[in-house]
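Colleague: Listed below, chain by chain, are the residues.
There are 2 protein chains.
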Amino acid sequence: MSARPLRVVGRPVPRVDGLEKVTGRARYVTDLVLPGMAHARVMRSPYAHARVRRVDVTRARALTGVLAALSGAELTWCEPYYGPAYRDRPVLAIDVARYEGEPVAAVAAVDEATADAALDLIEVDYEPLPPVITLEEALAAGAPLVHTGKPQAGIFADLSTLRPEPGTNICHQFHFARGDSAGALASADLVLDDTYRFPPVQHYAMEPHAAVAVWSETDGLTIWASSQNPYSVRVELAKMFDVPLARIRVVVPHLGGGFGSKTYAKLEPLAAALARAAGRPVRLAASVAEAFQTVRRCAARVHVRVGFRRDGLLVAVECDADYDVGAYADIGPRVVQKATYTATGPYRVPHVELAARAVYTNTTPGGAFRGFGVPQLAWALESLVDAAADRLGRDPVELRRQNFLAHGEEFAPGDTPIDGKLEESLSRAAEAIGWTRASAADRGRGVAAMLKASVAPSVSEAIVRLHTDGSVSVLASAVEMGQGTRTVLAQIAAEVLCVPLARVTVVQPDTAVTPYDQTTSSSRSTTMTGRAVQVASEDVREQLLRITAEALGVATRDLTLDEGAVVAPARRLPYAEVLLLRFGMSGGELIGRGVIAPGRTAAPLGGSTPFWEMAVGAAEVSVDEETGAVRVERYVSVADVGRAVNPLLLEGQDEGGVVQGLGHTLLEEMLYADGHLLNGTLLLYRVPRADDAPPALECHFVENADGSGPFGAKGAGEGSLIPVSPAVANALARLTGVRLRDLPLTPERVWRALRARR
Amino acid sequence: MSARPLRVVGRPVPRVDGLEKVTGRARYVTDLVLPGMAHARVMRSPYAHARVRRVDVTRARALTGVLAALSGAELTWCEPYYGPAYRDRPVLAIDVARYEGEPVAAVAAVDEATADAALDLIEVDYEPLPPVITLEEALAAGAPLVHTGKPQAGIFADLSTLRPEPGTNICHQFHFARGDSAGALASADLVLDDTYRFPPVQHYAMEPHAAVAVWSETDGLTIWASSQNPYSVRVELAKMFDVPLARIRVVVPHLGGGFGSKTYAKLEPLAAALARAAGRPVRLAASVAEAFQTVRRCAARVHVRVGFRRDGLLVAVECDADYDVGAYADIGPRVVQKATYTATGPYRVPHVELAARAVYTNTTPGGAFRGFGVPQLAWALESLVDAAADRLGRDPVELRRQNFLAHGEEFAPGDTPIDGKLEESLSRAAEAIGWTRASAADRGRGVAAMLKASVAPSVSEAIVRLHTDGSVSVLASAVEMGQGTRTVLAQIAAEVLCVPLARVTVVQPDTAVTPYDQTTSSSRSTTMTGRAVQVASEDVREQLLRITAEALGVATRDLTLDEGAVVAPARRLPYAEVLLLRFGMSGGELIGRGVIAPGRTAAPLGGSTPFWEMAVGAAEVSVDEETGAVRVERYVSVADVGRAVNPLLLEGQDEGGVVQGLGHTLLEEMLYADGHLLNGTLLLYRVPRADDAPPALECHFVENADGSGPFGAKGAGEGSLIPVSPAVANALARLTGVRLRDLPLTPERVWRALRARR
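First to last, the sequence lines map onto chains A and B.
By this note's numbering, the letter at position 154 of the first sequence is numbered 168, and the numbering carries on one by one without gaps.
By this note's numbering, the letter at position 218 of the second sequence is numbered 232, and the numbering carries on one by one without gaps.
It is possible that some hints are incorrect.
To be verified - Which residues of chain B face chain A? A few of them, derived with a C-beta cut under 7 Å, are:
#, residue
1, V36
2, G38
3, D172
4, D256
5, G428
6, V473
7, H481
8, T519
9, Y530
10, Q532
11, I605
These aren't lab readings, by the way, just hints derived from the structure by calculation.
Idealized CB from N, CA, C, for every residue including glycine.
Work out the full structure: start from the sequences and follow the hints.
Modeller: Written out as structure tokens, the structure reads:
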């Protein structure tokens, strides 16, 4: 097969599920109706920390129309704890409630009104306990402990190195060092250090969490869930209910946004337990307020020290980060470990000392959120790099360029060499924002860069089926959550098999039938699942060639594919004819298989990242000195994506990343007072609106086809978010001379800083 | 791998879906609820034959709550004709209604009551035309023609040899000959000939036909259907609506009996058209009365002439059969062709002349029904063999034994050699019924034998997935319709992969995800789909062995599987450990693939049967001479199955076959008067009840592991039905001296025959 120009990959085709979504016809989990389906409601703790002395669901259970009423103490017929890092989170509070909003009891009834009424009949005796809400409170000597016992190990063997510190609120510690950072800092020409804070924020997916569960004697548990990683949910449920994996079917219909909030089990354990107790299908749908009580981004306090030589060379980075993982570990310890490993960002740093702690508090559990802990660190590091440029009298763009890791350079021994060109992204960003041109007097410009590893080791598998009419079904378990993966996977199969995009269907994830895929997160789907689809498609292609070669008595190397046909020197066989040769009748299909499993490596975290996500952001801001309101007038994001399989969708995703980044940069923070979340509702929590987007917003892509994914692609989608905060703050600092260290950059904070400057 | 005793295959394990079904929790198509689902009703022709001058659905469409109202003339936006042999059947009558009960218009409304009300608002002008109801009427010179135009070719290329006779009611003719039958008959010592009649009967599945259809912009058409061959339905729908196969998803949930009635498209085209017109999901569920108006068994008039030598050697068979295929061809022409090819039954016959016609009449279309045309012919041939034995003074058992085809003998050049031992089945049946012992004076005994080919060429494919905990998902598209195929496929995978049966799940057919399987009919699933599952499981097994061999540095031949582990000379690795070796993490799955596609051959019908279905029946009957009521006191069925993968299910299936055979033998017949079906309802049509089953009913199996299916199995399930009529009639003849030629053997017919004898 000689190389030929790409037909479908690289084209800005509209998303395959766009029409169904914009017409409102797409059906999400909460739209499902099953015969006899019951509706669930959850009673939640009003206290951030309390002993649960008694939960009495007797009266609720007796209410007409109630099909099940459960308390934590009654869950003796299943394993009631779950969690990916540690199984420290009960389906319903057992003995202790550890955060405001924690589920304490639940009911399922014939309708929602009855379920609501039943909740009022549940009696709970609480004994309030002193809570720890902030990192400072949690880490203080003699602090109340969120967890007192030793948690059970999580069921993901790959996370088995995680360990809590008994007798403290430390959920996990991570340490990584190379070289002699103390010595290097001692001899550096410039040492800067500072502490930066990143707020707890909510993912705020358009669709809150939802699950519909049903048990059958034949098939076990089927659960339709708003999940980003149905296979992780499956293994949790298998453990909880002690059933084989093959008897748990996790199905993901259309999903209304994830951003990490829908990784690992969330509502699924409770929905499954209620369905088991009720003996019929149960629908459990969270409200937006309940999503705030389910998971959030880990807040962080990050102390970073950087050392530079006078000539601008970065010689050492020390980082000490505390992440607030809330009341239950969720995947927080891994967030901390994984992010801290890349705390040095996209720079060549010979001397490194990195330490981080995941800390329990009596707040909503913190888990995965777009960026997976990196935004918290990049906020600190990229602010400090600009501060250093200022002190060194260097252009921040040039200082970064000087210290960037080069293409092919080692990040850490055993890990994947750098697979992109940071300097190219930086140049593109600088050019697009007009870095070298003078800005208006009331505008400031700033840049920031990022580097992030994807999850490793990592497995994706796919099955591709070619039907007799040359149409194609792709079976893969990447979750379409708005990022466009169904379209991208369809493009890849259409490209390899030379069929029009409209003849490819990508089946939605369903663990009973679509093969294993580790997770839809970590920007991995195009690279890993895409590669699996590519390999499976190539497997089908090889079959087409082999059948034709045998039938015509020619060599496969003399055959090519072209628009639904195998082309031999003197003949052209449509796929239908090739399949007729294979099957001797007008039926049958070719089945291709793709398995991508790089396995464990000698890299520091046990697996080499399948790709490095790299991006640069550049902001131009203005500030209202009267109010402190910062306005991002222009923003440029440049991501090194290897190849944009679909530039249109990629642009949409990166625009979304920038705007979401502006949320925690300017607007968003979950605010607590006396252990109570003050603004955990649709009304009070302020996410960016359309008119908060920069009037000029550009997303560019560096495409050198140097990624390990299909056609040289690599992951994207998190990179655009991460530089936003430091780019904006750097711009503000360059405009006003004021450097803020706490996010979000609210008008009040900015106004106070401007006022302090005067 | 050394041979080891079977662990799961061959065991009478309970059916995997039994509990769900007996508790009433199993959900069938009609139980489905989709958001916004509309309900359909069908207006049907009150005439057996009429010109449809006008169908006005305007008023129906205007009724509040009506979402769609369709007439045949309006179906210009799709291909309105369908049918597997010819596309001669309109979704809704166009210009002409060809049988009483033919759909003429249809509506979909918010509920069933509104849909019913809307039907009353539809105006239809009919011009009654003279109908042809019987074969005699249809074949008479100058008979009114059921079809006047040339039908479009069917879309199944394999059926492209079928041809109607223009200007007649002959839908297809078939002819097959070898030797010189005329000469052989002329020189035969005994020639007998006679005409036998077989009535039109209904399948009477517990669940009438049903379909729920929905269109989406992303996925195309999804249809949950009570179908025995979702892949055949898929290709019909793709043609009708001009969409790629990959954009048609036919899902088959639990199915409440098929017996052939649910092969090929039935309600699905109309449900899909209504859903398209309504712009939302549409549920179309037939009543029992409507099932009578959908499909039935082809009635037949069979003239057979047999020639024997004095010593009992069968020298010639001539057969001339007319099958009544009703108003539309459905698969009737293939029924006629396929059955007539084996009209000589299980006997060695040197001189053969076989001819058959499929004949259109103005009655419910005739299609596939358990036995696929063979019961009609066996009724004639096996009656005549007994009559010949009587004339030759031979024991009917011994006469059959003398003429049976031997194991390995050719049936026809190019076709599969005989793969079973007919004489062993016959001996077992004779022994079990006590053939050589004297019977009570008021009892008579009779035997009959059968031979039937399965569909060929034929394709089955399967995917088998091994999960990290050693549990297994089987993806295959054999439809579980009560015969137990889900259990059998699970047993096969469990056997090959050495896991407990409870760890295997067999996914229900869904053309979007479970791979191609031609059809669940023709007794083929255990042999063909089972073999595909076996091969796919072996593929997984090979992967397990290869991974382990590479990891341990041993040869695969030194490894065996044992209860969820790979066993090496000095180590035992549970599958979880093997998968950890493969994937480097606790995720991933092994995917196995099985494709069974023997292809076309030189056999007379273009494909060699994958196996021969062979069985013998023996009946002991009594008769009430006052009323003519025949009572089957004992019945023995012996089927040559190669290996009974599940003897319990097989016994159940063959018991069902015998009882269903007693239906058309003693009770069942669709009765017409003036073109109107008189007894097409639950109340009036008499199928066997539990107390109609013989007090002593035994099903035995010959198991020589000589089948081409998994572990030597071959197909079963039709064989037990086919000998019932002749075995009972032969017993009656031996008891009373009276031979009847028309089924069913109603008391009136028997009484009249007994009376005529005196």
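Colleague: All hints are to be evaluated individually against the structure, with a verdict given for each.
Modeller: Right, here's what the structure says about each hint:
{"no.": "1", "hint": "V36", "result": "violated, 9 Å"}
{"no.": "2", "hint": "G38", "result": "violated, 11 Å"}
{"no.": "3", "hint": "D172", "result": "holds, 5 Å"}
{"no.": "4", "hint": "D256", "result": "violated, 11 Å"}
{"no.": "5", "hint": "G428", "result": "violated, 14 Å"}
{"no.": "6", "hint": "V473", "result": "holds, 4 Å"}
{"no.": "7", "hint": "H481", "result": "holds, 4 Å"}
{"no.": "8", "hint": "T519", "result": "holds, 4 Å"}
{"no.": "9", "hint": "Y530", "result": "holds, 4 Å"}
{"no.": "10", "hint": "Q532", "result": "holds, 5 Å"}
{"no.": "11", "hint": "I605", "result": "holds, 5 Å"}
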